[in-house]
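*Asks:* Residue-level listing of the chains:
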Amino acid sequence: MSSTRRDFLATALTAAGAAVTPDLAHAQEAAHDHTHDHQAVPSDPALRVKALESLLVEKGLVDRAALDAIVDAYEHKIGPRNGARVVARAWADPAYKQRLLTDTTAAIAELGYSGAEGEHMQVVENTPKVHNLIVCTLCSCYPWPVLGLPPIWYKSAPYRSRAVIDPRGLLQEFGLQIPEDVELRVWDSTADLRYLVLPERPAGSEGLGEEALAAWVSRDSMIGTAKAARPAEGAAK
Amino acid sequence: MNTIHDMGGMQNMGSLQYEKNELVFHAEWERRMFAMALATNHPPGMRYHIESIPPADYLRMSYYEKWLTAFVNLLLRYGIIASAELESGKAAPGMPKGKPLTAAEGLAQLAKGYSRRRDQIVSPRFQIGQRVKARNMNPLTHTRLPRYARGRLGTIEQDHGVFRFEDTAFHQLGENPQHLYTVRFAARELWGQEARGRDSVYVDMWEAYLEPA
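One line per chain: the protein sequences are V and D, in this order.
All residue numbers for the first sequence refer to numbering that gives the first Met the number 0, where the first residue is 0 and numbers rise by one.
All residue numbers for the second sequence refer to numbering that gives the first Met the number 0, where the first residue is 0 and numbers rise by one.
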């Protein structure tokens, strides 16, 4: 891309962000807002990606069928329902929970989940006295095999900057108040470990089987930005 | 490199923008971009190229726009594609054709993962429970030692064994396999007396980041 073109894009994007909000973080997110800002730079990344894909295919570096298969895997097979099953099993089966805490990667593999960005897993357990929160301040590290790909907010500046210095204030934005007497542990996944929070089993879930329990486990409860809770009526997740 | 990606502890980054029922991808090009980065054989260091995006652009770009920029720069850096090819959109004549990962190979690779744990026997310099100090270092190259931890005192919580050292591996300076630890830092050590006494931040750190306290 020429520098002129880049400058044009930069200006257009800045203008688009500024029109919605003066706040930088919002400008960053606004690029994802389908209702407003895609018109500002209608298809530039789309065109560049398309051209790059064609080039890589022509050079024999990429097989389109492989791209389709990878997209399908992360859109339809690998996601937070996997992690929810791990948590539900741990709630229902104390021996499994023990294995999960002592050799997390192997215990997760028992349920068939393993691979990229989950090669070395560690579960951290919430209790009445300890609350855990996961972040990657440097980028976007996240346990793909059990949670899928991270949501935008997890990769965003507001979350990454604040999780380590003001986790309690940040959690309030999620509607989660951590009591004074609860110890807060923030896990910054800077290297090769990927973390999963084992949330507390909520009251009211007694007697439920694993499948029913899994519905009580939200993605956010496994990041530490929410508690596990009774699923909303008719909720898909 | 001390730049914008190392944002732990920064303030005034705005309020959280939470999207309910967020989709995995927000556009078709994001799907293709994500998959291309995983399906293409390339040397490590994508993250270094993300971090090399100028700060103002880094904050402005969406996540996969950063991937696109970094991926192209990585491919150019290692001569996997040439800038003339990028300009023209056509492979340069006479270049050997590669053999891409098939769908089955790509999925198998993802299921296997990319563990960077190494089998070498390296004796650990630190023991669990030992007090350590994170080095004060400011390399212009890739590092996973966040600024907020540099010079701070912590405690070795876990020793995860021997792993490839990304600071050098990303720059083709060797794997330097060494112990990777989880180090606990008291919130007060990092942020001062205003922080909660019992709270803490756990950071995964290679041995090269640490010295005895």
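For the record, the hints were derived by calculation from the structure and aren't laboratory data.
Remember, it's a predicted structure, so these values are computed and weren't measured experimentally.
Incorrect hints may appear among the rest.
[As the list claims (entries may be wrong)] In silico lysine-lysine, BS3-like type, Cα no more than 30 Å apart, as pairs:
1) V:K76 - V:K49
2) D:K98 - V:K76
3) V:K128 - V:K76
4) D:K111 - D:K132
5) D:K19 - V:K49
6) V:K226 - V:K128
7) V:K154 - V:K128
8) D:K96 - V:K49
9) V:K154 - D:K111
10) D:K111 - V:K76
*Asks:* Run the structure past the numbered hints and jot down the numbers of the failing ones, going up.
*Replies:* The structure breaks hints 3 and 4; every other hint is satisfied.
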